[in-house]
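Go ahead and model the full structure; you've got the sequences and the hints to work with.
So the protein sequences, as listed, match chains X and W. At position 388 of the first sequence (counting the first as 1) the number is 380 in the numbering used here, and the numbers step up by one without a gap. At position 65 of the second sequence (counting the first as 1) the number is 386 in the numbering used here, and the numbers step up by one without a gap.
Hints were generated in silico from the structure; no laboratory data involved. Among the clues, some could well be false.
What the hints assert, rightly or not - Per label pair, the in silico range of CB-to-CB distance:
(1) P253(X) to F344(W): 49 to 57 Å
(2) L447(W) to E92(X): 26 to 34 Å
(3) V376(X) to V448(W): 18 to 26 Å
From the three backbone atoms N, C-alpha and C, an ideal C-beta is built for every residue, glycine too.
Letter by letter, the chains look like this.
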Amino acid sequence: MTNDCRLTETHAQADISDLVWPTDPAEIPDWIYTDQRIYEIEQERIFRGKTWNYVALECELPNPGDYIRSYIGATPIIVARDQQGAVHAFENRCAHRGAEFCKTYRGNTKQFICPYHQWTYDLSGALVSVPFRRGVKGVGGMPADFKLDEHNLRGLNVTTRHGVVFASARDDMESFEDYLGPEMLDQFDTVFDGRQLKLLGVHRNVMPGNWKLYQENLKDPYHATLLHTYLTTFGLFVAGNKTMILTDSKGRHSTLCNARPQGRPENDQTKSEIRSFHAAMQLADPRVIQLIPEKDSPWTSNAITIWPNLVLLRQTNILGARHIVPMGPNQFMLIWTTFGFADDDAAMEQHRLRQNNIFGPGGFIGIDDNEAIKFVQDGMVHSVPRHGVAPLGKDAEGPEVVITDRAIRSMYRHYRDEMGL
Amino acid sequence: MLTAPTLTAKTPLDPALRRDLAFAVQEFNADYAETLDRGDIEAWPAFFTEDGIYRLIARDNADSSLPLSLMSCEGMGMLKDRAYAIAHTEMFAPRYVMHHITPVRITDFDGEIISAQANYIILETLVDEPTRLLQSGKYRDKFVMQGDRLLLKERHCIYDTVLVPTCVVYPP
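If you want it as structure tokens, here you go:
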């Protein structure tokens, strides 16, 4: 008797021969955002496939016994630190009857006990005891050949870099550094420079949209100055700023960097294209957008997408990780984890907290994106199917060309390879 | 773990004084809710003192002593900037919000600062969508009297609805 199957086991795939990718390279079929079969193939081939998935920051579990609830794709997992200090990731589903047993956001424990029949697991997810193993008075109980170690929680491989924890269901993964590639690793290290992090808090919201729309959003410099009037009004990001969008060699990760001008920008030609630009507006309290120099970087913001489930945002002095958790084809959860550095003084921590009014599901520009993604999914779910288009810019253009959909197209080339579409 | 907040009155107040204070805060809350529910966000900062503090806090962050807020305003400048952003720069679908605030409990009065608490729920309605629960939370307030008006020196809104539905546009 054994049920130690892997999370990577393959399942019979539904027939998707009715789904045909359009031949025009600028077109994106809308069934990738709405079809249940596509969603299930994504879980298997992308989230449980050859990817490093973001699952936690080490500062969320500083001490032995600390744990958090997390996800790999849609699958609930636990990330825990054992007594020796090693970080483990394993599924949040009892090997016995399948109960999702951990129901708290975070905590500290010596072991995990499923409340249904008290199967008990250690901090690495190994099954350490089951009640009534020998039955009562020698009657009943587990079969004689029952082995605890054949009923561990299904585990994931874990890697960490500069305080960030990634997990993979696959054993044949390249290193995280190779997975990112040199340009993206350099960007990653701009946010996580190796200093110890300090957790400031976590926000969660549910989004009525397909998870890929959020990856697209941060690969889309076109929208930044058009949707986000707050950025243009108060001079954080204006078309004409020094900007670049760069992808890795496989086209799956990207970074959108921007260097904000000193002071407040004057009216210029590019802004006449932006209908809602409010030329005269000044913040009553400019501390919210004040830049306190702290990094040796030419950029004041880096929006980094790491395939498949992480968006890293360094904007002015805000540092945050956004974890994308799919919840079916038409919905996902976004977990916003906000942090500073352990060596921040009290004034710097207060500054970061104040500045976080910009992001999150109540943020000056967080609201814009969440609403825009809902608008897109509403259109796709309610109306008659029609391919979307991402036609801006040329694929051969360099990173300094930013009125472009180049990074969206490159992500979908990689996606089609992974999905076999 | 979810833990129950422990806030109790420090000293017994004279019952008549307690009743008068509770009535005044209740009237204030009705006015506050009515202003936000009619969408008059630019009138919202006037409910606060010049140094007024507003924070919207997820219950799990509060329980874990994590300092992050979903919205935070320190003083009139930030209150006005939040109101301006909602009225003029943020993009969101039009919506109705409806506050339902429970009766007020006065937890302390030191002769100057009135500490009060109430629970609230906010229902949100978008065009062609059924009404949904946006927020379920608690107000933890400190009021002062300025002239003949009560003003908020501090309002902490601590919400149980940790998984926010899309976003919170108007401050609870």
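How does the Cβ-Cβ distance of V376(X) and V448(W) compare with 18 to 26 Å: does it lie in that range? Holds: the Cβ-Cβ distance is about 20 Å, inside 18 to 26 Å.
Quick check: does the Cβ-Cβ distance between L447(W) and E92(X) fall within 26 to 34 Å? 31 Å, holds
CB of P253(X) to CB of F344(W), is that within 49 to 57 Å? 53 Å, holds
In summary, this structure violates none of the numbered hints.
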